[in-house]
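Visitor: In case you want the letters, here they are:
4 protein chains.
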Amino acid sequence: MFVLVNLKAYPCDPVEIAEAAADVSDETGVRVAVAPQAAHLSAVAETGVETWAQHVSPVEHGSHTGSTLAEAVADAGAEGTLINHSEARRKLADIDASLDAAERADLETVVCANNPEQVGAAAALGPDAVAVEPPELIGTGTPVSKADPDIVTDAVEAAAAVDESVDVFCGAGISTGDDLDAAADLGATGVLLASGVAKADDPRAALEALVEPLA
Amino acid sequence: MFVLVNLKAYPCDPVEIAEAAADVSDETGVRVAVAPQAAHLSAVAETGVETWAQHVSPVEHGSHTGSTLAEAVADAGAEGTLINHSEARRKLADIDASLDAAERADLETVVCANNPEQVGAAAALGPDAVAVEPPELIGTGTPVSKADPDIVTDAVEAAAAVDESVDVFCGAGISTGDDLDAAADLGATGVLLASGVAKADDPRAALEALVEPLA
Amino acid sequence: MFVLVNLKAYPCDPVEIAEAAADVSDETGVRVAVAPQAAHLSAVAETGVETWAQHVSPVEHGSHTGSTLAEAVADAGAEGTLINHSEARRKLADIDASLDAAERADLETVVCANNPEQVGAAAALGPDAVAVEPPELIGTGTPVSKADPDIVTDAVEAAAAVDESVDVFCGAGISTGDDLDAAADLGATGVLLASGVAKADDPRAALEALVEPLA
Amino acid sequence: MFVLVNLKAYPCDPVEIAEAAADVSDETGVRVAVAPQAAHLSAVAETGVETWAQHVSPVEHGSHTGSTLAEAVADAGAEGTLINHSEARRKLADIDASLDAAERADLETVVCANNPEQVGAAAALGPDAVAVEPPELIGTGTPVSKADPDIVTDAVEAAAAVDESVDVFCGAGISTGDDLDAAADLGATGVLLASGVAKADDPRAALEALVEPLA
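Chains as they are written, first to last, in the numbering used here: chain A, 1 to 215; chain B, 1 to 215; chain C, 1 to 215; chain D, 1 to 215.
No copy labels: a pair is met if it fits in one copy or bridges any two.
Using 20 Å as the maximum straight-line C-alpha spacing, the simulated SDA-like pairs for lysine to any residue come out as follows: (1) K91 <-> P134; (2) K199 <-> G62; (3) K199 <-> S63; (4) K91 <-> N115; (5) K199 <-> E71; (6) K91 <-> P58; (7) K91 <-> H64; (8) K146 <-> G177; (9) K199 <-> H64; (10) K199 <-> H61.
To be clear, the hints were calculated from the coordinates, so they are not data collected in a lab.
Just so we're clear, the structure is a prediction, and the values are computed from it rather than from any experiment.
All chains, please: the whole structure from these sequences, using the hints.
Guide: Structure (structure tokens):
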């Protein structure tokens, strides 16, 4: 199970969370990565934790002021990137081009999608994984595995129908170890979570509790 | 073979082209439709020609100033709509929602895409058809069926792999009857064209020449 | 006082409202215009009411599928257009280019803005009028003239400081004749309204009540 | 004169250029800053050069995956930010909100604009400076001060008419010390440049030649 902690633009200490994630991953053997703001990538990567970007732009080197160049985030230490998160929805053609950009820079990719149809569409573009995150559940503390488990199994089916090699992750509302277990039972091989860790009073304790059932 | 004439924002007379298209369709039995500006839909529909929208917004009735509501274009006489044309690229989630909107309004749908991967992705969203239009060929007069026939056959395969019921159209650079024949030979069941008719000195003669091999 | 009724994408009968607006305008001498969906422009214009577009694209004639060409909306009967409504926010450069497009097509222009600073910015681009519509009040039934009258007077000042010839309209939450009076007292020379008429059980009665204090 | 070197997404070594810029600034007393990719901000800031962001998002702390948070770029060492560069055009309302975000994070601000009208509009939003960059000259090597000096003087007038305290910078095509002199003569107090340094074989020599007339 892959646990990807998205720090969004939360008022958290990215290095403190990265250190906790690195320790928890080392201690438990569970793969945990942290996705901070682009400006915090190098500070997070220096902790030794697996570091991800929240987004890369569909561009190559060139005149693209304000872009998030795949090569630059890789240079700062990112090993993977989210694409098309529900808070950063992209054009179909740009998701395709962002995947090309990530591949050029050797970044692992997770394309987010709202529902099983979009998961199938995303899978057709050849990412490493897709993540299903019903927008109405994000930040609620109600995991999709409980609120609507069919969405996860339908997403797993939709991805497999298009490309067997694409993993399916599960996001939105994940906050406990039970949620991770439930996601795994439904066929997900990873989870995206954010506020459950990034907004916790004690992020380290939150991470430990989260991965405990997997350890 | 379905011939869809996209008038874009060209400085043409939409009613004159619509009348020619209606006549050519009646005389030859070839299905021909015209997609004008939204503001010209009702004038075009009054000629009796099959009328399409160039785009619908991913919205339902509500507070959406400046949107192109599917119900409004249907009300003005549209029977189908393009979605995600290369000049009007949309977010993946919005293509999905635009398809829902079109379905609500009983509009037939063609989702455009740049390449076979995106064709597969578009097919996963359940449109009536997808159209492959390599952006670099649009407006060139060099048909994709000649410049790069593999793109069309790959698109047909990509769509079929995802959903057998989705038709594949072929766009970009179509201007002669031979181009239509070539597109049909590669597995396309429709073509999108624009400047070849809309910017012709004699749009009626251009349409007649175009459909002649099919008649 | 100019009363501009924005039908947005509401599930109303645009022709019924247009006929009511035309009659009320004729009977009272108050200038009333109706802004329907682009696809309904010609049907609305045929009633004789002053007809406005909700939006025009920052483009000239050309390859712009899915755009709303200023020339096309003018051709369908529009005499003016909103630009940058809060539900259709545009890039600064595109507001500028949309104003150029509207001028080419002889359309009167109202650029919407959230607050006095943006009103000043919009005025610098040379529209006929700017409209201040605090987003948090849209659709509430609480008029800006009551909720925060300083925003209107500050907007009037901000516009005048940049260009004395630019009118200031007032939008958001307008639903009664008293709201129009209050807007006029604060220096506005027009109002934008939408749900108060478009979602009324009896749009004609709503319009009559609205303009009564002005008649 | 303020010299702001925008590295865009160019395939350059941001730290090498930053070190050169820091040295040149120290040796000549000319204020020189470097604006790298967000992921490179901390590495650039560590050289001691004045560091700028290429863009900040119009958001506060919160659920904004993929955003460029003003606080995060400041935390990484940025002291200022470009906003609305021609390669990253933003909505009017978002320019306004990005300026608020930059102010919260104590970042100096330069809002870019295409022409004198947009410069006036940008000035009305209260940035520290505006930059006029005719899009057709970017990357050409032909400075706006030569190609069309009136645009610069008109921009200076347009900004002053709105707010005397807003500086005017000059961008597009700047590559020599003469171009800086010419910009200063036209009333600009800073310049934006990019390819002239970032794509130079010897960025240090390019910078030295550039600031020599000012030293």
